[in-house]
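A.B. asks: Position chain Z against the provided structure of chain U, taking the given hints into account.
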Amino acid sequence: MAINLDYNLILSLIVGIFVGAASGYLGSVMVLRRMSLVGDALSHVALPGIGIALTYKINPFLGAFVALALGVIAIWSIQRKTTLPTEAVVGLMFTFSLAIGVLVTPEPELLEALFGDISKVQSVDGIFAVALSAAVLMIMSLIRDKLVLGLISPDLAKSQGVKTDKIDLLFLGLVAIIVALGVKVVGTLLMGSLVIIPAAAAKNIASNLRTYGLLSVLFGILSVLIGVFLSNWLNWPPGPSIVLASSAIFLISLESRIQTRIS
Amino acid sequence: MGSTSNGMSPILQVKNLNVRFDTLKVLNDLSFDVEKGNIVAIIGPNGAGKTVLFRTLLGLIPYEGKIEWQPGVKIGYVPQKLSVGKDLPITVRDFLGFKNAPKGELLEALEVLGQSGHHSEHHLSHHLLDRKMGDLSGGELQRILIAYAVVGHPDVLLFDEPTAGVDIGGEETIYSILEKLRKKSNLSILLISHDLNVVYRYANQVLCINKEKICYGSPKDVLNSSALEQLYGTEVGVYHHGH
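In the order they appear, the protein sequences are chains U and Z.
Residues in the first sequence are numbered consecutively from 5, following my numbering.
Residues in the second sequence are numbered consecutively from 99, following my numbering.
The hints are simulated quantities; they were obtained by calculation from the structure and are not laboratory data.
Even for Gly, the Cβ is constructed at its ideal location relative to N, Cα and C.
Please note that a few of the clues may not be correct.
Selected chain Z positions facing chain U (in silico; Cβ < 10 Å) [unchecked claim]:
1) L186
2) P187
3) I188
Distance condition first, Cα-Cα at most 20 Å in a straight line; then the derived EDC-like pairs of lysine to aspartate or glutamate [stated by the list, open to error]:
4) U:K170 with U:D159
5) Z:K179 with U:D159
6) U:K124 with U:E111
7) Z:K197 with U:D149
8) U:K207 with Z:D185
9) Z:K282 with U:D159
10) Z:K309 with Z:D120
11) U:K207 with Z:D233
12) Z:K197 with Z:D228
13) Z:K197 with U:D159
14) Z:K164 with Z:E310
15) Z:K134 with Z:D253
16) Z:K172 with Z:E206
17) Z:K164 with Z:D131
18) U:K85 with Z:D120
19) Z:K184 with U:E111
20) Z:K179 with U:E111
Derived coverage of chain Z by chain U (criterion: at least 3 residues anywhere in the stretch with Cβ under 8 Å from a Cβ of chain U; other residues may be distant) [stated by the list, open to error]:
21) 148 to 158
22) 226 to 237
Excised from the complex, chain U in its bound form:
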C-alpha cells in the first residue's frame, strides 16, 4: 500500500479538509433545521448549471453557483411565504434538475459532474476553494447562534432584534457556495451526504451545541481524509470513497446512540 504523496494528493487533501470542515459545520445547522432533503436537492440543482457552463466553456463552479443561487432563492421564498413543509416542492426540484442536468451536460464530463473528482482540482481552483470555505466557516460561526434561536423560537429571535429572514437567506447563500465547491469533491449526486452525514453522526454523540458543531466539523474533515486515502490506495473514485467513509463514521456514532439509550 504505497501511498504516493504527490503534489496533487496534497492539494486535494488540503481542499478536502477545508470543504469538509465547512460542509460539516453548515450541515450541523441544516440537520437541526430538518433540511437534510433540501441539501440533497440543492446539490442536484447544481447539475444543470454545470452542464450549461461546460457547454459554453465557462468555469463550471460559476455555473453550479448560479444554478444553486436560483435554487436557494426558490426555497427561501417558499419557506417565507408558506409554513408548509417544503418537502414536496424540494422533491420536485431535485428530480427535475437532475433530469435537465443529465440532458444538458456533455457526455464526457457527465460522470465527473455526477460523482466529482477531487484529484483533478487545479491549484487556482484549490486556493479559491480553501478561501471560500474559510470565509463560510467564519460567517457561520458568527450567525450560528442566531440561526438556532430562530429555529427554536422565531418570535423570540425577532423580539431580540435578529433579522431572521435575512439571516436565513445568508445561510442558504452559504449552503449554495459550499455545495458548489463540494460538487468538485464528491459530485452533484453525493454532495448532499457530505453536508448531512457528518452532522447526523455528530448529533448521535453530542450533548451540547459546542460539541455538536466541533464534531460535525471533525467528521466532515475525517470523511474527506479517509475517503481520499482510500481512493488513492484502492484506486477507487474519490467521491464514493468519501461518502463510504462518512457512512462508516455514522454507523460508529449510531453505536454510541444505542448505548446511551440503553443506559
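C.D. replies: What follows is chain Z alone, placed relative to chain U:
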C-alpha cells in the same frame, strides 16, 4: 383612557389598535394603557387574539393604530413554547448563551428563579445548565424562559402562559416568582392567562378581549358575570369552576 392611579405616565399606551390578516380582523380597535409596576392579565377565549396582541406589541406584525412604549423601555418576552425536539443537542447553557449577556447576569437571572440560596454554580451545572432543553419538564422550561427574558433587567415582561404541560405545584411557583420580580425591580408584567384563579390572585388589572376589548380594570371590579359571559359564552361555568 386607562385608569391612572398614581399619576405617572403609562409605560405602554395602545390606541385604536387594529390588526388584520388579509381580510380577517384579528384585533379590532383596541385601546388600553399599562401603568408601571402593574401586572396586567390578558384573558379571552381561544382565537381571541391574545398571542397576536403580544406579537404586535413586540413589533412582529404590521398593525394600524398607535402602540407607544415609554421611551427607552426594555422588553423581555416569554413565549408560550419553544420548538425543541428531545434529540436536539441544545443545553440550557447553550440557550442562555443566545442572549449574549455576561455570565454574571445569566447567573443572577437564574438566581431569581431558585427558591432558596442553594444555587452554587456547581449545583446549577449539574442540575440545570448541562441538561438538554428538550429534556426539561414544562415547569423547568418555563423558568428557563423567564430567566432568559429577565437577563439584562427589562422594564416590562410579556409572559405568554402555556395552556398545558405545567403541573399545579409548578404554576404556583411561577407566579410567585413573577410577583417577586415585580416587587424587586418594579417590573411591569403583561401576562396571557388561561386561568381565572391566577388572574384573581396575581393581577391588579385584567384586560378581557375577544378580538375587541370587552373589559379592562381591576379583576374584582370588571370580572362580573356579564363580562365573562360576553367573553366565554356558555363555557364560563366550566371555566370558572375548573380544576
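A.B. asks: A separate judgement is required for each hint: does it hold in the structure or not?
C.D. replies: Results for each hint:
no. : hint               : result
1   : L186               : holds (6 Å)
2   : P187               : holds (4 Å)
3   : I188               : holds (5 Å)
4   : U:K170 with U:D159 : holds (15 Å)
5   : Z:K179 with U:D159 : holds (10 Å)
6   : U:K124 with U:E111 : holds (18 Å)
7   : Z:K197 with U:D149 : holds (9 Å)
8   : U:K207 with Z:D185 : holds (8 Å)
9   : Z:K282 with U:D159 : violated (27 Å)
10  : Z:K309 with Z:D120 : holds (15 Å)
11  : U:K207 with Z:D233 : holds (15 Å)
12  : Z:K197 with Z:D228 : holds (17 Å)
13  : Z:K197 with U:D159 : holds (14 Å)
14  : Z:K164 with Z:E310 : holds (15 Å)
15  : Z:K134 with Z:D253 : holds (8 Å)
16  : Z:K172 with Z:E206 : holds (18 Å)
17  : Z:K164 with Z:D131 : holds (11 Å)
18  : U:K85 with Z:D120  : holds (13 Å)
19  : Z:K184 with U:E111 : violated (47 Å)
20  : Z:K179 with U:E111 : violated (53 Å)
21  : 148 to 158         : holds (count 4)
22  : 226 to 237         : holds (count 3)
When each numbered hint is compared with the structure, violations occur for hints 9, 19, 20.
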